[in-house]
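Chains as they are written, first to last, in numbering that gives the first Met the number 0: chain P, 0 to 203; chain Z, 0 to 258.
These aren't lab readings, by the way, just hints derived from the structure by calculation.
All values reported here derive from a predicted model rather than from experimental measurement.
Check the hints yourself; a few may be wrong.
[To be verified] Mimicking BS3-like on lysine-lysine, the simulated pairs with C-alpha atoms at most 25 Å apart in a straight line are:
(1) Z/LYS206 / Z/LYS249
(2) Z/LYS206 / Z/LYS192
(3) P/LYS123 / Z/LYS109
(4) Z/LYS192 / Z/LYS160
(5) Z/LYS112 / Z/LYS160
(6) Z/LYS191 / Z/LYS206
(7) Z/LYS160 / Z/LYS206
(8) P/LYS123 / Z/LYS112
(9) Z/LYS114 / P/LYS123
[What the hints assert, rightly or not] Here are some chain Z residues pointing at chain P (derived, C-beta under 10 Å):
(10) ARG80
(11) ARG81
(12) ILE82
(13) VAL85
(14) ILE86
(15) LEU91
(16) MET95
(17) ALA98
(18) SER103
(19) TRP110
(20) LYS112
(21) LYS114
(22) LEU141
In this text, a Cβ means the ideal position worked out from N, Cα and C, and glycines have one as well.
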Amino acid sequence: MIQFLSVYGEKLIIALLEHIELLAITLVISLVFAAALTVLAVYSHRTGSFLVHLFSAIYSIPSLALFAILIPVTGLGMPTAILVLVVYNQYLLLRNFIAGINEVDPAIVDAATGMGMTRMQVLKNVQLPLSRRAIFTGIQLAVISTIGIGTIAALINAGGLGDVLFDGLRTMNTYKIVWGSALSAGLAIGVNAALNKVQRRLAS
Amino acid sequence: MATEAIVFNDVSKKFNKAGYYAVDHVSFTVNEGEFITILGSSGCGKTTLLKMVNRLYEPDSGRIILFGEDISTVDPVIVRRRIGYVIQNIGLFPHMTIADNIASVPRLLKWDKDKTEARIDELLLMVGLEPAEFRRRFPSQLSGGQQQRVGLARALATSPKIMLMDEPFGAVDAITRTSLQDELLRLHGDLKKTFLFVTHDINEAFKLGGRTIIMNEGRICQFDTPQQIIRHPADDFVRSLVQSAVTQEKFWEGIEIGE
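Chain P on its own, in the form it takes in the complex (with noise of 0.2 Å):
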């Protein structure tokens, strides 16, 4: 074990940054998408719902169908990776903030409007710090999510450490194999720490 580390550490190392800047990327596109989605939603109840059952109904294809659909339309790497997993996270976002919206007190959205706060005055004055931790929690997921399926990213040509898992695999090499879901648990189980940290804070 050790002595792959001193062999191949360097790679290890690479395809750990490679899955990072994947999971950078695509929770920075996602959140922008995500947020311009949801306050169309707040506008029109009828668009949110239709949104969130569009992306809900795209979630339930299995990721490496979705890969495969797409290679003859934006080709392998990674730029497919992200489309793939910003449409993915479309929907654990938008049904964590629009739920978390809607379910701020009607009565003190009432009194915000009834004041003389603009819609956007409402949602950003009252709506969204009401409901951090809705919004925090689907944020949560999608990074979760977006760690897991960007494993299965490598398939298509994304690197990351998935490459380093589906080599062991091809190779029936163990020291891989194992590296590599360790590597992608570990990120995954430490980031989701992290994570449960800054939500206990918001939650205080």
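Here the structure of chain P is known, so what remains is to put chain Z in place on it, guided by the hints.
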């Protein structure tokens, strides 16, 4: 002649899918400085009527005129910022301190900081809460009665000419309610604002209101002073309403309150 603060001109409102009018061709005039209570059982349209004044609901027909201005021609946000609004569930923002709650509308209007801070203290004193003690607290740290006082202070922040109150004391205990009612009467006497106060409690309606609107099934049954309503009920509904209050009172007759 007194200034006409609120004029309803043949106003109707029907909600989607409902086969009846929530507010059915209603007309009335309220003069500036009056304390008007709106009395009726739940579902009679009193809250709908109130919410049309600050355009939370839009009438299907008719005109609503505030101080000579047809409000359908004014941006709803502007209309609402000119009107104080207090609701039963208080609607204080739980994530903001008492001071921030009260400062909500001044901040929307971009008042400067010193003016806002001074106003917060002034309002807290006005509703009988010590600023130093309450400014930094959160709504959950206050009793129901205290929260309602903050709700009142928040609605009064920019000194609106019209105050709308939707069963504001519905959720507080009897003793607190009595003291809040007395305080509201004192405030009204000092401030000379026009109050529109919705309640389903006939005693509250007659205690607070200079005049009372009695509503049933979307229509105004009678709009007069409490004395006139008691002496000359306009129809059977008003008569039975007054009768029910009298029957309730009878329970207390002949009972001495012990020491």
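Taking the hints in turn, this is what the structure says about them:
1. Z/LYS206 / Z/LYS249: Distance of about 18 Å is within 25 Å: holds.
2. Z/LYS206 / Z/LYS192: holds (17 Å)
3. P/LYS123 / Z/LYS109: holds (16 Å)
4. Z/LYS192 / Z/LYS160: holds (5 Å)
5. Z/LYS112 / Z/LYS160: Given that 25 Å is the threshold and the Cα spacing comes to 23 Å, the pair holds.
6. Z/LYS191 / Z/LYS206: holds (17 Å)
7. Z/LYS160 / Z/LYS206: holds (22 Å)
8. P/LYS123 / Z/LYS112: holds (21 Å)
9. Z/LYS114 / P/LYS123: holds (24 Å)
10. ARG80: The hint holds - Z/ARG80 has a Cβ within 10 Å of chain P, the shortest such distance being about 3 Å.
11. ARG81: The hint holds - Z/ARG81 has a Cβ within 10 Å of chain P, the shortest such distance being about 8 Å.
12. ILE82: For Z/ILE82, the interface hint holds, since the closest Cβ of chain P sits about 8 Å away, which is under 10 Å.
13. VAL85: holds (8 Å)
14. ILE86: holds (6 Å)
15. LEU91: Holds - the Cβ of Z/LEU91 comes within 10 Å of chain P, reaching about 8 Å at its closest.
16. MET95: holds (8 Å)
17. ALA98: Cβ of Z/ALA98 sits 15 Å from chain P, so the hint is violated.
18. SER103: Holds. Min distance 6 Å.
19. TRP110: Constraint on Z/TRP110 not satisfied, violated at 14 Å.
20. LYS112: violated (17 Å)
21. LYS114: violated (18 Å)
22. LEU141: violated (15 Å)
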